[in-house]
Structures are given as C-alpha cells and as structure tokens.
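Starting from the known structure of chain A, arrange chain B on it as the hints suggest.
Number of protein chains: 2
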Amino acid sequence: MASLPPITLCLLLLLLFVAPPTAYSLQRSSRSVPAFLNKFLRLPSKAVGGATPYKYEIRYFQQRLDHFSFADLPPFRQRYLISTEHWEGPSRLAPIFFYCGNEGDIEWFAANTGLVWELAPRFGAMVIFPEHRYYGESMPFGSREEAYKNASTLAYLTSEQALADFAVLITELKRNASAQSCPVILFGGSYGGMLATWMRLKYPHLSIGALAASAPILQFENIVSPDTFYNIVSNNFRRESVSCFNTIRESWDVIMSLGMTNTGLSLLSKTFHLCGELKSAEDLSNWLDSAYSYLAMADYPYPADFLMPLPGNPIKEVCRRMDSLPNGTNILQRIFEGISVYYNYTGTVNCFSLDDDPHGMSGWDWQACTEMIMPMASNKNTSMFPAFEYDYKSDEEYCYKSYHVTPRPTWITTEFGGHDIKTALGTFGSNIIFSNGLLDPWSGGSVLENISDTIVALVTERGAHHLDLRAATAEDPDWLVDQRASEVKLIEGWLNRYLESKRVNFLPLQSV
Amino acid sequence: MASLPPITLCLLLLLLFVAPPTAYSLQRSSRSVPAFLNKFLRLPSKAVGGATPYKYEIRYFQQRLDHFSFADLPPFRQRYLISTEHWEGPSRLAPIFFYCGNEGDIEWFAANTGLVWELAPRFGAMVIFPEHRYYGESMPFGSREEAYKNASTLAYLTSEQALADFAVLITELKRNASAQSCPVILFGGSYGGMLATWMRLKYPHLSIGALAASAPILQFENIVSPDTFYNIVSNNFRRESVSCFNTIRESWDVIMSLGMTNTGLSLLSKTFHLCGELKSAEDLSNWLDSAYSYLAMADYPYPADFLMPLPGNPIKEVCRRMDSLPNGTNILQRIFEGISVYYNYTGTVNCFSLDDDPHGMSGWDWQACTEMIMPMASNKNTSMFPAFEYDYKSDEEYCYKSYHVTPRPTWITTEFGGHDIKTALGTFGSNIIFSNGLLDPWSGGSVLENISDTIVALVTERGAHHLDLRAATAEDPDWLVDQRASEVKLIEGWLNRYLESKRVNFLPLQSV
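Residue numbers (full-length UniProt numbering), protein chains in the order written: chain A, 1 to 512; chain B, 1 to 512.
Heads up, a few of these hints could be off.
Covered by chain B, according to a simulated footprint, are these stretches of chain A (three or more residues, beta-carbon under 8 Å) [stated by the list, open to error]:
1) 61-70
2) 196-206
3) 421-427
These are computed hints drawn from the structure, not numbers from a lab. C-beta: ideal position from N, C-alpha, C; glycine also.
With the rest of the complex left out, here is chain A:
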C-alpha cells in the first residue's frame, strides 16, 4: 500500500476528531444498493469460456418479443447451451435439467453452476442453459446498442417475457426430441432462482420441480423489512470482528466530511488509489458499499472466483487486515486495506476505476426500474452502513430521469404472489427447494421455512449466495456436502414419484 504524504495524514487525523459522526445527512436511495451480480464482475471472455470443463453445443431459438400481445415486433434469437451427452432419452423418460438463465451471459452461469453438470450423468439428464433475453448474445433488435437504446426498445425486458421464452423453448425442444413425457427439473440461482420458482408457479405443467437457490422472492413491497439486507451484511462483519464493524461504521462520516472540503476529493482519490479524480464522495461510498455487500454474498468457506477472485472466508480476511494495522493507522487506510481484499485480491490492480459502465444502462438497472422494485433501507441501530430510509419517490425520479419509465412497485406481488406465502405456496405449489445460506444478505428475502411436504427450505448457517450450485471441490465443508446430498435426494424423490405415476398411466387398461 502506498504511503500518504504527511500533509494528507494530518488532514485525515484532523477530520477524525473534528467531524461529528452525524454531521450530514447522506442522500441515498435503494438505487445505489447492489444488485445480485456485481457490475465489476469479469464477464466470460472466450478464454474463460474455453476453460470451462463442461461440454455443450451453442444453439439459437427464434422467440417472439412480446408473447402476450400480437403486436408486430421483430423476433429475436435466444441463445441456449445444450448437452445431450448423458441423456438417456425419451424411452427411459430421462429428465431434462433446465437452468433458468438470469441477468448475464449464459456461459458465465453455465461455468459457475457446476452442480447441474455434475448431476447430469447421475440422472442420465439432458442439460439446457437458456440465456435470458437482453443479456449475453440474446439481444432483440439485432444488437445491444439497439436493444438498450431507450425505454421503447427495452420495454420487453421483463421477467414474464423471460418465463414465456423458457416455456416456449421447453415445449419446442421436447416436441423436437419426442420427449414430451420427459420430466423437467428447473435450476436457478439468485434472480435465476426467482425465475425457477415462478416457472413452477406459472408453468407447473412444464416441470416437475425446481431447485431455487438464494432466491429472494419475498424482497418486494412490504413483505420483509427493507433493512434486512444491510442488517445481514452488517452482522456478518460484526460476527468476525466488532472493531472491523465499527471501523466501517465510522468511515462514512469521515469520507463524506472529507468530500466536502476543497482538497478532500483529491485526497480520497489518492488514498483509494483511484485511476481518476473522484467526482463526489458518494461515488466512493457506493463503491465501498458494493464491496461489503458482495463480500457478504461471496463469503464462501474456501477460495472462489464467482464475482471476484477471493480467499476463503473473505470477510474474515477483510477484518483481519483492517484490524492488524498498527494502532494509530488512520481509518481510511484501514478501509482501503480491507477493501483491497475484494477489489484487488490478486494484487494485480494498479488503480481502481469506480465506474466501468459509463453509459449506466445495464439490464438489471432497467429491471430494477420497472418490476424488480426491492425496497432497501439501512437501520441506524443495527447497520454498519449509513442510515437511510426506503424512499420510493426518489427511485421513481431516478428511473424517470434515466429511462422515462415509471416503476410498478406492486406488480411483482400481484403477478406472482408473495404476501401470505405459506397459504399460497402451500395450497397451490409443489416440489420446490429453497436453498439459502444465512450469510447471504439476500436470504432475508427468501423462504427459510418448510411450507409443505414438497416445498422445503434447506438453510445453512455458514452458507453464502448459492454456493450449493457451484461444482463440488475437495475443500467443501461437511455442511455443504450434506446440503447437496439433501437436494439430490429430493430431486430423486420427485423423479421417482413422477416415473411411478407414469408407469401407472402406461399400464394397459384392464376394463373400462
């Protein structure tokens, strides 16, 4: 870590004593909270794609842009990955494993969802990874530039349309393979897990069960408290180290106060090794906020490279580094040291760019401005983040300013339910596994209790964001091995019951 010039240090120390902890009111909104995926994550390059151990064909399927109207719109090509290597075919009623592709390049999800590939030979399953419209190569209007041009071209980026894409694709692929009777098992993680759940609810005739990992289907409207997410992140840090928690908690005021001085932004830029000059202290806060939140999501027990290359138990490592600096080290240096675990664990980054998406139009940002209205807040008593209340109005303004679109904050619950989930899911749903790790900040908006005999929650205390979907490793702790074994057992049960019911149907009628 570069050392700071003496004048900077003095200024920092001065601020540390001068700035009152609540000297300003931070202007925040849910808009700045992290999405499921990190915008800094490294998308798969050809090299990365080539490095995956999984073999598949890449195919394309023509889809309607609006399944629910007959408006004359151009169709688009949906990409999907398919492997029939282990499939035992229609005569055996062999299953089809269908991953509900979420907000990113499908090859990235295929590479990071080892479980599906590892289970395929065991079940004699076909594997399909369809890409979500408006992500990866599955662009309407011919290109990302056209698809993301404005609200009128982005209009069809909705979860209902994505589900209908899946429904049409499943139906057509089964028809083409004469596999109409082969059972489909859905998989999905995070938003993909929400889609898998919703597929079970909206298209129950097209699958027999779903593994929905880390799927916060209840993080809408007023179903769960909006401060859930940040409370979980904060608890994860406090659990590792109270001083680490306090350092982070106190850092926001220091940053914001410094941001208000003449030379403060320049000083912050230097302290955090930014490639360019900081435009506002808030940009830095958001960058730090993201890191803490993603650290909580990726707080896996062994080194992994999901959102970023990280060590095992990365929060422990962040806190170890922060805490182990000598007494008297200034707070921002501690923060920088900690945050480097997230942004620069490989040590190869010379400087940091806070915004690698200068146009600001990302698919998830659009979705979060239309349907995916997940209220977020930070509670001053329990959170290490700056306190803020959920402010729908400011989100609405942001969305109108950005896209000329007005969000529909009550739509997802109208369309998919969510209030009184036990009665609803318990009455009409079946065969869903909600797997969650309590370290995952999204677990607060997910289903953590069994709802019926067939809608079960597998909750792991030390799990983070859908670790269970990843490939098995030699380092897997016992609880993870057990969790996956439970999942396999449940899926086996669904398949056996389905096959039994079919065998009954296959019997010739004795008499009518």
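Relative to chain A, chain B alone:
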C-alpha cells in the same frame, strides 16, 4: 310459411333426385364454426339493462394496455359492476364473488348469471362483474372504431392480458376495501369459465376457488378430437328424431347443388325468407350450421332467453316441426320450418339478414385468429353436418387476409397446459368445479372427470351450455337443483377451510 311457386318446387324435387349426395366438396374451415356467443344475439340495450332484477354500481378502473411490457401505450378504462349490498366486510372475512367477464358486454353476463347474485346474500358476499377488455365499454384507444381498427390496435386483446386486468383489479379493490384477507371465489361460463380456470392456475394467490361452467379448456391443439363438437350437436338431434337428423344431413347437398344453378341462389333466398339476395350457398349453410350449434348449446329444459328467445327443449321443438310437415313437403321447407324455431321463435321476424356484422371484425373473431385456435372438424360417419377435416392452413390464410396476423396454434397449451391435464391439474391445482351438461357441444372439450379431491367435475346428462349459472326458476328440474346444491356445498367447503386456516393464523404465537 310462404308457399313456393310451382316451378321452384319442380326444380327442388328434381335436384332431390339428381344431385348425388357427395357431388361436391364443401370448402369449409373451422373459421365458420360457431363461437361461444351468437353473433346474432341481442346485446343488452338500456331497457334490457334496466330490466335486470340485480342492483349494482357501474365503475371504471384504469388499466395498462400491456401488462407484460413497459411499452408506452395509452391506458384504458375497464368497466366493472359492483355490489356491496350483502357484503359482510373484512372483519368477517366475507367473500368476494368475482365473475370473469368474457367476450361481450358485461351487463349482459350480469343479467344472465343469476346464480352469483342469488348466492351473494347467502354468503354475505361482495359481487364484482368486470368487463373483458375490447368488449362492451372497455375499449382501449377511446372507442370501438379505434380499438378494432387493425391488428396493431387489436394486438392487446388476449386472454393473458384479460387475466392480468382481473389480477390488478382484484388486488386494488381488496386493498382499497382493506379486504386483503377476504377470500375471492371466481365464476365464469364458457370462455369466462376458461378464464376462471386459468385465473386459478396463473393467479392462485388471488382466489380460493372457481366455478368454471362449460369451460372447454381442452378444445385446443390435439387434446380432444376435432370432431367432438359437431358429433355432440348431431347426437342431440338424432336423440330427438332420426328423421330430423337425416333431413338436416341431406339438406346440405340440396342447398349447395341449388346454389350452383342459375336461379338457385334466388330460390334459396326466397325459401329462407332472406331480406337480401344470397351471395353464395355457403353463407346460407353457415347460417343454418350456426343455428343447429346454438340450439345444442341452448337446449335448456324450459323456455329461456339466453342467445335467443327459445322454447323449452328447443331441439325437440325443431324436430317436431320438421317431422310434422306432411309427407312430400320438400326438404328445404322442412329445414326452414325447423330453423325458424331458432331465428324466429317469437314470430316477429319478417325476413332474415344473414350478416349483421358487415365489417366482420368481432372481438371473438380476432381472438380465434390469434390464440383461441380450437380445431374443428365434421366426421362423415357420425355428423349431420357436411364432412370437413380440420385445416389449419386455411384458417391461417383467413386470419392473415383478415387481420394480417398469424395465429399461434400451440400457444394456449404452452401457456396454460392442457395435455396430460390429470397429472398437471392434479398436482398443482385446487378448488375448481368444472360443471358441464352433456347436451352442450362444448362439453367435449371440457373436464368431465374428477381430477382430485378438490378439482371436481359436475356433469349433468340433460344440461346444456352453463344452465347452472342462470337464475333459479320454478321450472328448474331436479337435476339442476341438485347440481346447484352441489356447487354451493363445495364453495361452502372452500370458504370454511379458508376461514379455519385463517383462524389458526390469527392465534397469537405461544412461543417462538
């Protein structure tokens, strides 16, 4: 009945002996088969609306035109009828009876669905009759003319959008009445019954059960044989009188042969008392075909005025009139005598106009050209109608020619299921009554067997098209009284179980 000039009679008699029964191939397609509702039915006038014994308020609700995209489209006003006269309110968790409005003016359905009104006081229920978009007053783009202008304005007339209208309306009305916990019971007849079923499947969190009367949810793709409809109509006539069945069966050749002669169309126009000159014999065939089919739908055991004012057991009356003409009466006179039961039972019609919809654009015609692709055929061995095979291509051509739209024949089953209905509905559905009468030609495409403990079929041998939904009368036969009693019992059961589950939830937790 006017007598025919001698020369005409001679020509007719000649044709009767000369024309071989299968001398021509009738160009027919599913397009000419009847929809659920008769295009000749009398829509409610203000007088009719005013005459209904049911009291309600008329209100309007602003809806999105495309619920599943964020395209910038003009909202429209959905009309709905509401009565809270008997509602016992949220504190009693009193139910909401919600009729899923179908392809017509909602006041007409409200006037013809007495059952809902009669059950409301018994259950302390609120009653809501929402109108289906693009029908009655619920016109997008401000007027029927604009809404029906072309495929781009009609694009949003789909069942999924109608269901979403219902979902949003239910959610908002419940919120406004603080009635979130009040159970909703859905009702629907015919296409409205299909909508009620699909509401249970797609929005199970918004209702606790549905009475789906005469809802042919299986009349799609290759689920049931396409000749089902015409076989049932034919059987209904044969059951009453074999000679009547034969007269009708033989009449088509006579009509078509006559239509091919120089003076034949003029002769047919006179024989059938048409107001204008017939343009083709096929127009007459379609007009007759419609009458037979609607007679089967409305073959109620007592006089009713649903599609048309008709006597009790109208098919019996048609056959009685046809058969009772003296020996030697020519076949077309018999047909005219019979058909007059349907088109002119009141005896007030001086001449008949075959097409009261000169623009041809009706809402159901659009729906039948887009999603509602119900294959129809007529089997030469079992049907009294001219034989024809299901020909999707000709339907497709008609639709493209009429609207520049291409139908999606496999979409409804992809979206709502239907193949393997027992497994699908039995696994994921609950609380649906499929009521059907076997005289109804649509019963062949409906659910006629119990699927589970809570998805039950109430089948009546002598019932026609959703007679059970009509108001009770002194003439109701026992089987109809019994059928309604079974419906009430089932609905009571749903409500009791719901209330019980809520009472459990209302108990304070003893410990956590």
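For each hint, the structure was consulted:
{"no.": "1", "hint": "61-70", "in the structure": "holds (count 5)"}
{"no.": "2", "hint": "196-206", "in the structure": "holds (count 6)"}
{"no.": "3", "hint": "421-427", "in the structure": "holds (count 3)"}
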